[in-house]
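Student: Using the sequences and the hints, build the whole thing.
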Amino acid sequence: MQSWTGSLRFTEPLTMPAITENLFGLIGRRAASAFKDLHDASKLINDTFYWTFVSPFRGKAIRVNAIISEMVKAGYNSVPIVAVISFFVGIILALQAAYQLKRFGAMIYVANLVGVSLTRELGPILTAIIVSGRSGSAYAAEIGSMKAAEEVNALISMGINPIRFLVTPKLVALMVMLPCLTVLSDFIGIIGGLMLSAGALDINPYSYIQQTINSLLVKDIVTGLVKAWAFGAVITIVGAYQGFKVTGGAEEVGRRTTSSVVASIFLVIVFDLFFTTLFFYFT
Amino acid sequence: MENAIEVRDLITKYGDRVILKGVSLSIPKGKTTVILGGSGCGKSTLLNHLIGLLKPTSGKILINGKDITGLDEAGFNEVRKKMGVLFQGSALLNSLTIADNVALPLREHTKLEEPTIQIMVRMKLNLVGLSKFEHFYPSQLSGGMKKRAGIARAIALDPELLFFDEPSAGLDPVTAAGLDELIIKLRDVFRMTIIVVTHELPSVFMISDYVIMLDLGEVVFAGTLDELKMSPHPRVRMFLERQAEKETYSPEDYFRFIAGN
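Heads up: the protein sequence lines correspond to chains Z and V, in order. Residue numbering for the first sequence follows the working numbering, starting at 1 and increasing by one per position. Residue numbering for the second sequence follows the working numbering, starting at 284 and increasing by one per position.
Heads up, a few of these hints could be off.
Label pairs and their computed distance ranges (CB to CB) [claimed, not checked]: (1) Z:Phe35 / V:Lys343: 27 to 33 Å; (2) V:Leu336 / Z:Val222: 33 to 39 Å; (3) V:Lys343 / Z:Glu121: 54 to 60 Å; (4) Z:Thr258 / V:Gly298: 37 to 43 Å.
None of these hints come from the bench; they were simulated from the model. Using N, Cα and C, we set each Cβ at its ideal position, and we do this for glycine too.
Tutor: So, in structure tokens, the structure goes:
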């Protein structure tokens, strides 16, 4: 006979005041679930890096076709939106810079400001935020709905590791494509600044280009690309983590997709802070 | 009779909730075994243990005499290559065509040339009656066809063990009967050991050689179909005669339940 499981509670004597018990219970439950999340996340990171960087050297071929298809989806297809946004941001930066610099009659330094802030900071972070919105959410939704439809279980039961199958191609694709998109964003942003300066600020285009080239150091561009590379990893891992966390149905997929975008934008900015501080002191 | 799978004292707990309370059973080789039981009796949990998606709290699962509960990922993958699973929702990868779905285990686990894989895929699809649907995506197929495609994928590597999770759930009687015939064919032609988890009685009577019935996490019956029909066990009788469950609360429990504490 099935007994009502809740009835056990009445036979146990209370040994602690209820409020204390509730308080410790709350702390314990929160801590336990936080530790579980931490454990899951580190396991995912560990597995992802193992299947991406270690196992290919142990004879488990990497899925090149899937990587190319992910590159097209995450990289090539976001070229238009990245280009348009970078172009506008270049114009905005030039206008804002001119607003201050014209008081000193130092308009030519618009080129320095646009060039340096785009390559060091805005190029990588804008691209990362656009890609979080496009691809990070898509990763969470894709893996989440596969989890909900037992497809992930099916992969496991066929002896195919879902992380190798699903996450590795995405990680490689973003690690390659995000720096590429960043280069594009830097370039188009500078063009935007150039066009505004030449058209509205009466700066000679040739001197603008010359000034940009003189102001930019190789390290400005390289640090921007290192950031972009790291953001690629962050976006993939967050999307995959949220996707694999799905246990219920469609509603949870939606919720996880939203939190993947929020979490990846947040983490992108945290990593940006970290790298900017690092490069400020060590380059 | 040789056994393909032996389960010994399997106990599973989710937190405080005990799902399987010391299940012991054996599944004969080359036969169709049906694991029967009502909703929430633990049959899906048991299936997840057998295909290695869940690790039990304690107990042993021997597949061909080898304990799988202690195996690591790599060791288990060797066992998995010898089993095929049809999931309840058929679990085809929606981003791949039917042919690519069936080819997936072949591409991942064998070093066969692409033309050979193509031929094998066509053979498997023909076997389940889907030869014209190679280039369709799962979303373009009906429920019954998806299940057939799922079977084609499950048998791609010619497994010794084939698991079915609720094969006829959500299908009309005609399609379900067609699927049952396919299951019988697989057993007779390929001598596979087939394990079907279901609660559909018509299916059970059609396909089973051996029946195991679970109730509340315990085995209440194990035997042939004829023995099942003759069994005097009250839970078996209730199941076969479609009787509703009686109220299990004692009056005191019920009072506490409605009082809310």
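Student: Against this structure, judge whether each hint is valid.
Tutor: Evaluation of the provided hints:
no. : hint                            : verdict
1   : Z:Phe35 / V:Lys343: 27 to 33 Å  : holds (30 Å)
2   : V:Leu336 / Z:Val222: 33 to 39 Å : violated (45 Å)
3   : V:Lys343 / Z:Glu121: 54 to 60 Å : holds (59 Å)
4   : Z:Thr258 / V:Gly298: 37 to 43 Å : violated (28 Å)
Consistency note: the structure conflicts with the earlier hints numbered 2, 4.
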